[in-house]
Structures are given as structure tokens and as C-alpha cells.
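Trainee: Using the hints, position chain B against chain A.
As you go down the protein sequences, you meet chains A and B in turn.
Position one of the first sequence corresponds to residue 6 (our numbering), numbered consecutively onward.
Position one of the second sequence corresponds to residue 171 (our numbering), numbered consecutively onward.
Calculated directly from the structure, the hints in this document are not laboratory data.
The C-beta atom is built at its ideal place from N, Cα and C for all residues, glycine as well.
No incorrect hints appear here.
Computed footprint of chain A on chain B; a stretch qualifies when at least three of its residues, placed anywhere within it, have a C-beta under 8 Å from a C-beta of chain A:
hint: 1; region: 211 to 220
hint: 2; region: 226 to 232
hint: 3; region: 262 to 273
hint: 4; region: 319 to 326
hint: 5; region: 353 to 360
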Amino acid sequence: MDKTCISPDDRNEKFLRKLKARNIDVQACYQCGRCSSGCPIGDFFDLNVMEVVRLAGYGQEDKLLHSHTIWLCAACETCATRCPNEIEIAGLMDVLRELALRRGIAPAEPRIPLFHQSFLGSIRSWGRVWEIGMIANYKVKSGDLAGDMKLGLNMFLKGKLKLVPHSIKGTSEIKEIFSGKGKEYDR
Amino acid sequence: MKLSYYPGCSLEGTALDYDQSVRAICRKLEIDLVEIPGWNCCGASSAHMTDHETGLRLPIRNLLLAAPAGHDILVPCAACFQRLKAADKALRVDPGFWDVGHYKPDFNILHISSFLAQPEILAAMEAKVARNLGGLPIACYYGCLSLRNPRITDAANWERPETLERIMTALGARPVAWSHKTECCSGSLTMARPDIAEKLVSDIVTAAVKAGATAMVTDCPMCQANVESRQSGETHAPVMPVFFVTELLDAAITGTYPLKQQKVHLVSSGVLTGIFSDAAMKKEVSA
Numbered sequence: 006m007d008k009t010c011i012s013p014d015d016r017n018e019k020f021l022r023k024l025k026a027r028n029i030d031v032q033a034c035y036q037c038g039r040c041s042s043g044c045p046i047g048d049f050f051d052l053n054v055m056e057v058v059r060l061a062g063y064g065q066e067d068k069l070l071h072s073h074t075i076w077l078c079a080a081c082e083t084c085a086t087r088c089p090n091e092i093e094i095a096g097l098m099d100v101l102r103e104l105a106l107r108r109g110i111a112p113a114e115p116r117i118p119l120f121h122q123s124f125l126g127s128i129r130s131w132g133r134v135w136e137i138g139m140i141a142n143y144k145v146k147s148g149d150l151a152g153d154m155k156l157g158l159n160m161f162l163k164g165k166l167k168l169v170p171h172s173i174k175g176t177s178e179i180k181e182i183f184s185g186k187g188k189e190y191d192r
Numbered sequence: 171m172k173l174s175y176y177p178g179c180s181l182e183g184t185a186l187d188y189d190q191s192v193r194a195i196c197r198k199l200e201i202d203l204v205e206i207p208g209w210n211c212c213g214a215s216s217a218h219m220t221d222h223e224t225g226l227r228l229p230i231r232n233l234l235l236a237a238p239a240g241h242d243i244l245v246p247c248a249a250c251f252q253r254l255k256a257a258d259k260a261l262r263v264d265p266g267f268w269d270v271g272h273y274k275p276d277f278n279i280l281h282i283s284s285f286l287a288q289p290e291i292l293a294a295m296e297a298k299v300a301r302n303l304g305g306l307p308i309a310c311y312y313g314c315l316s317l318r319n320p321r322i323t324d325a326a327n328w329e330r331p332e333t334l335e336r337i338m339t340a341l342g343a344r345p346v347a348w349s350h351k352t353e354c355c356s357g358s359l360t361m362a363r364p365d366i367a368e369k370l371v372s373d374i375v376t377a378a379v380k381a382g383a384t385a386m387v388t389d390c391p392m393c394q395a396n397v398e399s400r401q402s403g404e405t406h407a408p409v410m411p412v413f414f415v416t417e418l419l420d421a422a423i424t425g426t427y428p429l430k431q432q433k434v435h436l437v438s439s440g441v442l443t444g445i446f447s448d449a450a451m452k453k454e455v456s457a
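Just chain A, same shape as in the assembly (with noise of 0.2 Å):
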């Protein structure tokens, strides 16, 4: 990491508050690195994980917010099983981007977000997932229409894609949930 001046007057605590109550010991931290070391994803991130938390223990949550760590991220674990103090790294990342999202900063990887939504329309639509309508949303919003053509009509002629979609019941259930259920009580 470049050379950085981090002084505690910039700490957001708020955030430090949030990964409290989330059971993210981010101050456990001893940067022994065997996070980053096990990272399968690490060689393309621009934070490095053992960065991440460090990072988190100081505050520094725009940094973060800003990264292409936390939306490159698999959420594959590796991280926080290894950890020897068991912190919840992984856990971190998913607050990341969820806080990224909410603040409406501009994702440094815009396109894993926008697969994320579509992959989320579909259940709120459907309360499954469809994966033709998934991807041909996620087509249209990323403007990535050309990329795996070939794939995709490969699986198609294999049938491996399910032609028309199938509603469950409880489908208002299921939009109660996107709409934010149990979080009127300001969570």
C-alpha cells in the first residue's frame, strides 16, 4: 500500500459500531496475512484482504468503499476459516458492498453489482431463479451482449436452460422480504 497518513479524527465510527454488532472483530487483527496468502482472487484485487481489515480497524471505510476488492471478492470464505483470531472477513466484505450500495457510490467493478441485481430481480420476481431471464437482464443492463454467445447457445442446445419460468406460491411473501421486511424498526 502506498505510503498513507491515517489519523483517528477521520475514523467513522459509526462504522466501527456496525461491525460490533455485526460479531466483525476487526481489531483481532495481528496481520499475520494468511488471508491474503490463501485468497484465490487476491493476484486481481487493488487492497490486498490483510489491507481490508486493517483498513476496517481504522475506520477508513471510504477507501474500502471504493475499492475493486470488495465487489471482486467470490465470498468463498477461505479467508475468514484460515483466519487464526476468526475474524469474520468475509462478513466484512458482504457489509462493504452492502454499504457501497446504499450510499450509492459508483462500484469500481460496475458489473458484478449489476449481476448481483439481476440475479436478485429474478427471485423477486419469480422466487426463483430463472437463468435465461436472469441473464438476458443482466445482458441488457451490462451492455456485455456479446460476451459467451457461444456458451450460451452451447447450453441452450444442450438444454440446460429452463424455457419458461415457473412462479412459485408465496410470491408476496417473497417481496415482502425485498421490501425490506423487519427492517421498519430502523435496522
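Mentor: Just chain B, lined up with the frame of chain A:
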């Protein structure tokens, strides 16, 4: 034996054949699968990665649907399994937070290979094998989510699991010792960053080849689709078919590997069709 069954969305689409083989195997083992009525998507990685509460409320709904029957829940998909386990833990800690009055079911959430690798089930399957897999050198590939995080999954052996190896050995295949059996294939990034998926899959397949494997077997539908589809076709042809554990079980127990199933693979399943071909049959008879 009766089990609640949670297939998950992949098993209605890209991994439809996984669903069919799970059901076929359970029929042969006289396990009655009762699909959870009106189940919804578990939210997979996309939900918990972007919205903590949605990521738990989606699988929680499924647990509440399964609770009245009280049977253990069988889950073939690694991602669904991990999300249902996470939801179960969250609910037990604080049902009130999730607007649930009472939650103390005594069911277990079972991932398929851990379930099938239990000694008595393994013995029952072994006794039914009509055609063994002829020493097929195979790399058992677990990926991430049936194992990690063990604080969620309760996996007993998350760095060096052996359930798939035990099943493959019972079928007469020869599991290889290799380095990448619990490495991530980046399934959740495969659409948005195929370049990353290609790199990770290439590393995994290279490791399997180096260990002498000619096929891979998995119990995760994302791994199966991702590892078959992201083997780079530009520098070298795809070499590594990825089978589902129940696909191989069904083939060995029925003694056949039908054409319809062979055609489902994006990478040639020739190593298996060789074992089940008439020529191989004859060779064994004459030997």
C-alpha cells in the same frame, strides 16, 4: 427413511441432470424425498453479498416451510446448503429478530456427499454396484460452500475432506491426491468477470491433470458448470469432464451411461463412455 428435499434453482436448470440422478439414487436406496412445498431461492451469494437481511430471510422462509414435517433436509447444492445452514444458525440465536416466534426444530441440514458417505449408506450403495468404474483416476473437487466457513457449515474436515473420495473408492474409481480440491472456481464472478473464472479454472484443471486425473467429480452445481465451461478453448482444447457424484453413482449402479446423459456435458465424457462401452464389457468378460 424420509427426508425433506431442497433442490435449489440450479437443479431446475443448468443442473437438471443432477436433480434427476439425486432422485434416482435415493429411490434405489429406498429414501423417500419429500420436496419442500413452495420452496424459494436461497438467495445464493448475490443476496448475502449485497443485503444481509434479504440474504438470511430468503433461506429462513425455506426452513420454516420444512419445519412442520421435521425430517432432515437433503441439499445437493453447496451454495444452498451453506445458506440454509447460515439461516438455521441465525434463527436459533435470535428468532425474534427474524420475526419468528419459536424455532427449535431437531432436523439436520445435510449436504449430499456427507450424507451418502455415511458407512451404512456407502455399504448399501457398494452392494448395488453393477459395473465398477475400473480404476478411473479421478480428482474429487469440493469447491467452497459445502465446507466453508466451518462455523456455518459444521464441516468436520474442511481443508482435506474425504467424503467424495470414500464414495468414489466404493464405486471402484481411483481418487488422486491433489492440491486444489477445496480451491474456489469463482462461480459467483463467472458472468461478470469470465477472465478471472478462466484463470482459476485453468489452475484447478492443471492441478488435476498434474495429479494424473482424467476426470473430476463434484457435489456443487456451480463448480460443475463453471469448471466445464471455463476451460479455455483458445490455447488448448478442454480436457476435463466434471461429473456429479450422483451421476457416477447412478451409472455404476445401473451399469449404464446413457447417450442422453453423455450429451449433457460441455466437455467430452469419453473417459466414462469408454468404461461403459460394449468393448470394455467384453474385455472384462473374457479376462
